[in-house]
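Protein chains: 2
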Amino acid sequence: MSIVSDSAHLNDLTVVKSVSLTSALEKELERLILTGELEPGVRINEIHLSNRFGTSRGPIREATRSLEAKGLVEVVRNRGVFVRRLSVEDAVEIYDVRAALFGQAGRLLAERMTDGLLAELTRMVDEMDAVAERGSFDDYYPLNLGFHNLIVSSCGNRTLLAEYHRFVNKLHLFRARALVQGGGLAVSNREHRAMLEALASGDGERAQVTHWRHVALAKRRLIAAVDGHARND
Amino acid sequence: MSIVSDSAHLNDLTVVKSVSLTSALEKELERLILTGELEPGVRINEIHLSNRFGTSRGPIREATRSLEAKGLVEVVRNRGVFVRRLSVEDAVEIYDVRAALFGQAGRLLAERMTDGLLAELTRMVDEMDAVAERGSFDDYYPLNLGFHNLIVSSCGNRTLLAEYHRFVNKLHLFRARALVQGGGLAVSNREHRAMLEALASGDGERAQVTHWRHVALAKRRLIAAVDGHARND
DNA sequence: GTAATGATAACTGTCAACAGATTGATGGAT
DNA sequence: ATCCATCAATCTGTTGACAGTTATCATTAC
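Same order as they appear, the protein sequences are chains A and B.
Under the UniProt record's numbering, the letters of the first sequence match residues 1 to 233, in that order.
Under the UniProt record's numbering, the letters of the second sequence match residues 1 to 233, in that order.
The reader is advised that the hints may include incorrect statements.
Only pairs whose alpha carbons sit at most 20 Å apart, straight line, appear in this in silico SDA-like list of lysine to any residue [what the hints assert, rightly or not]:
1. B:K70 <-> B:R158
2. B:K27 <-> A:K27
3. B:K219 <-> A:R158
4. A:K70 <-> B:K219
5. B:K70 <-> A:V168
6. B:K70 <-> A:E30
7. A:K70 <-> B:K70
8. A:K219 <-> B:R158
9. B:K219 <-> B:R193
10. A:K27 <-> A:R52
11. B:K27 <-> A:E68
If you only want the chain B side, here are some residues facing chain A, beta carbon under 8 Å, derived [what the hints assert, rightly or not]:
12. T22
13. K70
14. R77
15. G103
16. R123
These aren't lab readings, by the way, just hints derived from the structure by calculation.
Ideal placement from N, C-alpha and C gives every residue a C-beta, glycine not left out.
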């Protein structure tokens, strides 16, 4: 495992001196973890990292403590820090939290909806329908992500937005994540339409229910996929 | 290594060598912040702390980075770390998140309710009623806290539990928090009874709504209290 | 061949020191 | 009296080094 490779990303950041080395390192490590370049379970060697980034171990330790609080890594005394590995149970728990947050975002958004936003969201769902017919998951995924992000970003609660992102990010640590991403494109987008209608109606309660249910059903699909996969093993 | 510090709490922890100095410091700092011994807005001086606890600055810096990720302090480059200060808007946002999480906890709990737990929760509400009649807030507050904690702790989702606590803790950073704590004891406990009935019925949807509404109404009381206070100024 | 053992290497925990930035004070000019 | 420049003190950012712990691996005994 030769971690001795140059990181262009970090160099970009270190040029800007207004950002501390620690936070730059933290962002870079987070990127490495979320993109999967640092796989769940692997140990993060402080000395290797300090060589790789040309810094001392101090800032790296600070960055990893921050990542630990964010739940992306695990620190074991005298043994090191490990990229956190999510079990199926962890992932299911996260879906519950995410459903709660997303439902709340839907409620808030319904109560402050604008015509322009509704048009944009409708356009996205139409586009997803078109892509879903072709069954192209690689095209569907970013659209789906953007749709959800736009909803939560527009709900007017920055705390909620930050928390939502935290949990969506954490799902990247779940190895079997790819299982659930494949199926049910058309089904999922039908739920999107129900959400749209609720948002358009301005009924917060109804919006909360539809948004909550959308994630709850995704959780069901995850569980079903995992069970199916386990049976096939 | 003689740890010459005024903090009995810290000494308790350092005796156990399985816990790193950093995490012991973090717990202690968190305690100081949540109890208000370190007030919102004040700067945390690394050198003073290292003298106080008899350590070097390294572990303290690591602990503060962790607290930053938890949202309890704010780090400003080259200026230091400050105990985070929550605005009214921040507090309101947190209530929304808390409502979402608490509602979800109610749903999960309703679907796994036991007779013993229901009896215990009922007992607590009865006790709160008795205390509320006397209008004794100091007695009501810990009971109320315990009631909510028992619900979230019993819902079976540890991730949700951790997040819920995170946000309840963050509310300690809100200076005007005391405003909302005083009023509506009897009203609040009437909402508790509605929650109890929903939990007893085993209807997850209904439990989620009642639990969500309980926090949403608390948020309204907070806003009303803040507005009233502003008018009286 | 396998398991216990002990030496060695590698790594983390902590510390003390240096470099750079910020703050506040001092003194002079207007 | 006010404003600005300069400077000293204080604090943070970062580094390199040392101590203690864990992991590795060859050796030995069975």
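So, going through the hints one by one against the coordinates:
1. B:K70 <-> B:R158: holds, 17 Å
2. B:K27 <-> A:K27: violated, 25 Å
3. B:K219 <-> A:R158: holds, 17 Å
4. A:K70 <-> B:K219: violated, 27 Å
5. B:K70 <-> A:V168: Cα-Cα ~17 Å, so holds.
6. B:K70 <-> A:E30: holds, 16 Å
7. A:K70 <-> B:K70: Within the cut-off at roughly 7 Å; holds.
8. A:K219 <-> B:R158: holds, 17 Å
9. B:K219 <-> B:R193: holds, 19 Å
10. A:K27 <-> A:R52: Distance of about 15 Å is within 20 Å: holds.
11. B:K27 <-> A:E68: holds, 14 Å
12. T22: holds, 7 Å
13. K70: holds, 5 Å
14. R77: It holds, given that the least Cβ distance between R77 of chain B and chain A is near 5 Å, below 8 Å.
15. G103: Interface hint status for G103 of chain B: holds (6 Å vs cutoff 8 Å).
16. R123: violated, 28 Å
The structure is inconsistent with the numbered hints 2, 4 and 16, although it conforms to all the rest.
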